[in-house]
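Residues per chain are reported as follows:
Protein chains: 2
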Amino acid sequence: MSILLQVDFDYSGPFGEEMAGMLTSLAESINHEPGMIWKIWTESEQDKLGGGIYLFEDKASANAYLAMHTARLKEMGIAEVRGKVFDVNSSLSIINQGPIEKLSIDKP
Amino acid sequence: MSILLQVDFDYSGPFGEEMAGMLTSLAESINHEPGMIWKIWTESEQDKLGGGIYLFEDKASANAYLAMHTARLKEMGIAEVRGKVFDVNSSLSIINQGPIEKLSIDKP
Chain Z
1 MSILLQVDFD
11 YSGPFGEEMA
21 GMLTSLAESI
31 NHEPGMIWKI
41 WTESEQDKLG
51 GGIYLFEDKA
61 SANAYLAMHT
71 ARLKEMGIAE
81 VRGKVFDVNS
91 SLSIINQGPI
101 EKLSIDKP
Chain H
1 MSILLQVDFD
11 YSGPFGEEMA
21 GMLTSLAESI
31 NHEPGMIWKI
41 WTESEQDKLG
51 GGIYLFEDKA
61 SANAYLAMHT
71 ARLKEMGIAE
81 VRGKVFDVNS
91 SLSIINQGPI
101 EKLSIDKP
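From first to last, the protein sequence lines are chains Z and H. Heads up: the first sequence begins at 1 in the UniProt record's numbering, then just goes up one per residue. Heads up: the second sequence begins at 1 in the UniProt record's numbering, then just goes up one per residue.
A couple of the hints might just be wrong.
Because identical chains cannot be distinguished in the list, a pair is counted as satisfied if it fits within a single copy or across any two copies.
[Stated by the list, open to error] Taking lysine to any residue and the SDA-like style, the derived pairs with C-alpha atoms no more than 25 Å apart in a straight line are:
(1) Lys74 to Val88
(2) Lys48 to Thr24
(3) Lys59 to Trp38
(4) Lys84 to Ile94
(5) Lys59 to Phe15
(6) Lys48 to Gly83
(7) Lys74 to Lys84
Hints in this document: simulated from the structure, not taken from any laboratory.
Pulled out of the complex, with its shape left as it was, chain Z reads as follows (with noise of 0.2 Å):
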């Protein structure tokens, strides 16, 4: 069963491909995390806001990551990280194409 992990924080930017261009080596290390199975990164410029969306294997590594991401954060001046763990409604999600197994992308 997955686990979904939902991370925000306040945050004043960099935002969009500058953001991107500066952390793309911390993107890459992230795939090695135990447990991983995505990350969708969210940010919001109007709203202040940065964060994730992240799909884990089971709870154990979705925990054992939010409390390293959350110190890293704090070395990087983010004090406060809001960071929830949630199990997965499987029937539900499957129902609205939820993208809770291994996927493919459709190369049209």
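Model the placement of chain H on the given structure of chain Z, informed by the hints.
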């Protein structure tokens, strides 16, 4: 550019298959919401939370859905809904296999 909507709220159940049985029709109706690409249904019996992570085609659709859904949850007795609309950082999400495009599930 896809938009991510993050919703959670205090919720005391039912969870899991009991919730899925109650809300199958609601989930089916969500497939007809304008601009909705997918939803992952999130829940935590431990932390007494419900919620959802959605991908939308554009910000207007995400904002309209959040307003409608917040009103609907209020009718169901949930007074405070935490909803946040995010841009997706595509370059970083693609590095981490983030499902931000139209996807198909691998059938092994």
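Structure-inconsistent hints, enumerated in ascending order: Hints that this structure does not satisfy do not exist here, as all of them hold.
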